[in-house]
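Student: The lines below spell out each chain.
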Amino acid sequence: MTDLLNQPSNSQFKFSREKILAFTLILPSLILVFITYLYPAIFTFVISFAEYDIIRLKIKKFIQFKNFEFLISNYFFTSSVLRTIYFGFLICVCTTILSFLIALLLNEKFIGKAFLRVMIVLPWAVPSVVSGVLWGQMFHADTGFLNALLYQLGVISGYKIWLADPLVALHVIAIAEIWKAIPFMTLFFLSGLQSLPSEVFEAASVDGANVFQRFSNILFPLMLPIAIPLFLIQFVLAMKSFDTIFVLTRGGPGGGTTTLNYFIYQEAFETFNLGRASAAAYVLLIITLAVVLIPTISRFLMKFFWGNK
Amino acid sequence: MKKNLILKNFFIYFSALIVFLIMFFPLYGLILTSIQPENIIRSRNLSFFPTEIIFTHFAEVLKPNHISNIYEGIKNSLIVSFLTSFLCIILAFPAAYSLARLNLPAKNIILGTLISVYFLPTILFVIPLFVILVSYQLDDTILSLVVPYTAFTLPFVIWILKSFIDKLPVEVEEAAKIDGCSTLQLLIHIIFPLLRPGLIAAFIFAFILSWVEFLTPLIFTNNLKISTVALGLFRSTIDIKIGQQAAAAIITLIPVTILMIFFQQYITKVVLSGSDK
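Chains as they are written, first to last, in this note's numbering: chain A, 1 to 309; chain B, 1 to 277.
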């Protein structure tokens, strides 16, 4: 191998030899990715049309679209799909707005900025199990800070069991996810803000544009190309969220915090219905892809019909 | 004009304080809970400062026979995270070089596939992997964690390293090639040392991502001896001792927090390298 590479380059073979070398270098990575992604994805696809025997570990029989039909007629499934979409958008919208505001703040000069930046980045490294525990303790019925604080301020007359209410529980989980998602997006927004030319703002303020005009006419359009991909990536990540739900509510109460991802987990590893779980996993994949592809497709259509970029 | 500036400064410091409180208070609450006796935690007097500091929760949690097995968990997580990061670097370094510099056919398609794979729902791959592991009786082993972790982290690490290699000056490589340096020699003796910041950043990312992984060990391991620290922490939530639970959470946090604070510049570099294209 080394011998082959050490040979003085022969112009006739150089081109294809470089290709072979390039391919050899990336091959191990590709093999690993194919074994752990592509093969399982095909496997999941196949058994989504089958009944899978979990004890003998083989396909019992193919049942065509029965798994999908069951899911669509299942109330728990359809409600968890809608809940997942709401959950995803809630997290994206809140994270994007808050991160943008924090990035604007970090773009200013003030004492203690470096310290604040470390503090803001910190939640990213917090394992989501820890953030589940942490927010669980915050909202704990007996010992949580929130109850104590609201009680002493006189907002509530008695201690509330926050996580017992499905709607509140879902939002508690969303808060935990947003808190963890803010750091990364803030850093991206910040680097976007820092790459903007400052002359534009100076010119605008010389021309007498006020803060709001500068924001809506300059900053917002300039940041949009950064914000849209971040928003979409955040949506995809929100679709994957599992740990916080598992630690805080285990999908309860009454299935009120079961997102699609959690539904799949329950089908696969609690009731061991791998066929149905696989079918649901493909529904999740389709939703994820749809949301990510919508901007691409709409841009393509706009280009097609109006001809401008 | 001057009054305006004071007002602006006041506004900045005020919002900085609010942001600090929102981002840090949950962690502070956790620290507070972990160092106070159980009866104070459970009392209904709200206090934001510790009245009595004890470390027994930490001592309890770290005992080898504790329900959550944090002690074993730390050991396992360290092993698994180190192995994963190491494997990731070994696999990703040549791959990233190939993508960044060599004449690889269908380069953009390969890179695009690798990156989009990272964003697909993990659960889609976990079901068949579980079946494979069980049928070869590989579940409950370190291997059953390291291989999936490496695969899940690899696309991201390749992307990080590629964007760092893109920034290296090509001239150095060209000069080395003229001097008769083969590609492998070039990779090991020239690119590797030049790429140190990128390698550190990639290593830290891989380490943190493996340290925080929860779904994979939850499904692939049952044996308490193989339990990772995140899983151990989860087990401590079954117990109702809030102080110990908080202590376990703090212990889980410490290694990644240290990495974050010390290598913050590298992490920021990764973000910057991704955005200014």
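Derived from the structure by calculation, the hints contain no laboratory data.
It is possible that part of the hints are untrue.
Just a few of them, taken from the derived set where beta-carbon distance is under 7 angstroms, the chain A residues facing chain B [what the hints assert, rightly or not]:
1. Y37
2. S79
3. R83
4. L146
5. L150
6. D243
Computed footprint of chain B on chain A, listed as stretches where at least three residues anywhere in the stretch have a Cβ under 8 angstroms from a Cβ of chain B [unchecked claim]:
7. 84 to 97
8. 262 to 275
C-beta atoms are modelled at their ideal positions from N, C-alpha and C, and glycine is treated no differently.
Student: For each hint, tell me whether it holds in the structure or not.
Tutor: Consistency of the hints with the structure:
no. : hint       : result
1   : Y37        : holds (5 angstroms)
2   : S79        : violated (19 angstroms)
3   : R83        : violated (16 angstroms)
4   : L146       : violated (10 angstroms)
5   : L150       : violated (10 angstroms)
6   : D243       : holds (4 angstroms)
7   : 84 to 97   : violated (count 0)
8   : 262 to 275 : holds (count 5)
Checked against the numbered hints above, the structure breaks hints 2, 3, 4, 5, 7 and satisfies the rest.
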